[in-house]
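Produce the complete structure using the sequences and hints provided.
For the sequence shown, position 4 (counting from the first letter as 1) is numbered 4 according to our numbering, and the numbering increases by one without interruption.
It should be emphasised that the hints constitute simulated quantities derived from the structure, not laboratory data.
With a straight-line cut-off of 25 Å between C-alpha atoms, the simulated PhoX-like cross-links for lysine-lysine are: (1) Lys324 x Lys301; (2) Lys260 x Lys279; (3) Lys105 x Lys279.
Note that the structure is a prediction, hence the values are computed from the model and not measured.
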Amino acid sequence: MNIYASLGDTLAAYSECFSVPYELLLDSNPHIKKDRLEQGEIVRIPGYETVCTWEELAHFFPVCKEALRRMKGAAQIVNGSVQLPKRVISHVVQGQKEYDFSALKQDIEALCRCYPFVRTRAIGYSVLGLPLIEIQIGQGPIRVHLNGSFHANEWITSAIIMTFLNDYLLAVTNGKTLRGHHMLDYYKKVTLSVVPMVNPDGVNLVLHGPPEQEPHRSKVVRMNGGSVDFSQWKANIRGIDLNNQFPAKWEVERARKIPKAPAPRDFPGFAPLTEPEAKAMAALTEESDFDMIVAFHTQGKEIYWGYEGLEPPCAEETAMEFAKTSGYQAVKYIDSHAGYRDWFIQTWKRRGYTVELGEGVNPLPMEQFTEIYEDSLGIFLAALYMA
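In structure tokens form, the structure reads like this:
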């Protein structure tokens, strides 16, 4: 919601008036540099969406009438009654559906409208030109990164991540807790970086079939053995497994993987970091100085946390906390290389985790969504308080 300020108004007063944490107002209005506002200056107030009457609004929070008169494009007169913006008290993310790139983009835009302190940017573009969107939340010195949908048929990870972000933003704005944790404390402590869909071309391929663009359309059908059922496709649109693209014993994976050419799954490419999606993730990680990363995949209900003995001593404690809060099994080592997590641990000697959500055959059915989310919520929260 936007309002017009009067000369001398302050963000502190708006914080009290609208029951919004002062830190969120500051981050929602980076253009405001003075303690006292100018006449007509636009102030963005996070946490509002539809309209309701004055009487309905009074049940949610106190508000000053003078501020209401200055609301920009928000207050309306309907049948003689003043209608006002309504506090966001529910989800704007609708994750329990086939979650393609369009659904992701729509939900990110909705979150940014309700919570203008959320920062987004494109860290790169997929083969077909879709933006790889990074979401940043928080102002803390500790940097934690989450990502999902490295593999195309694991698209439910994107929906799970976005649902958590919605719960986090709702709680931090309204002063609520998640499982007893005061989320504003973590907002101040941690800067959270999230790339919810690393492989948007692949996700769209799994959910909607081959793209219209040639030569990609003909090539993916040929790689898929002529079938138009792409439900088992893991790779990007060029048939490269993005989570086998990183320079952490990549040569070992290249030698032992059965596909020796682009395929629906498991082909690590002809060299590391050839694909734009993998390049973008590597560049983001190199510039961001993350303290910890968590990559979400499916399936197996396991948490992988070690790599070649290069993980730091504190990695085990965090892994055990992830396991405790989720019921998943923590596994130190697996016979696998060239993954994003492997490369992160090898390069920075910091905590890196791969979480295999749910159980069954990919893509996991939507019927598992609630169970997966309830299990993984503990991991999301632990990633903040163990950071």
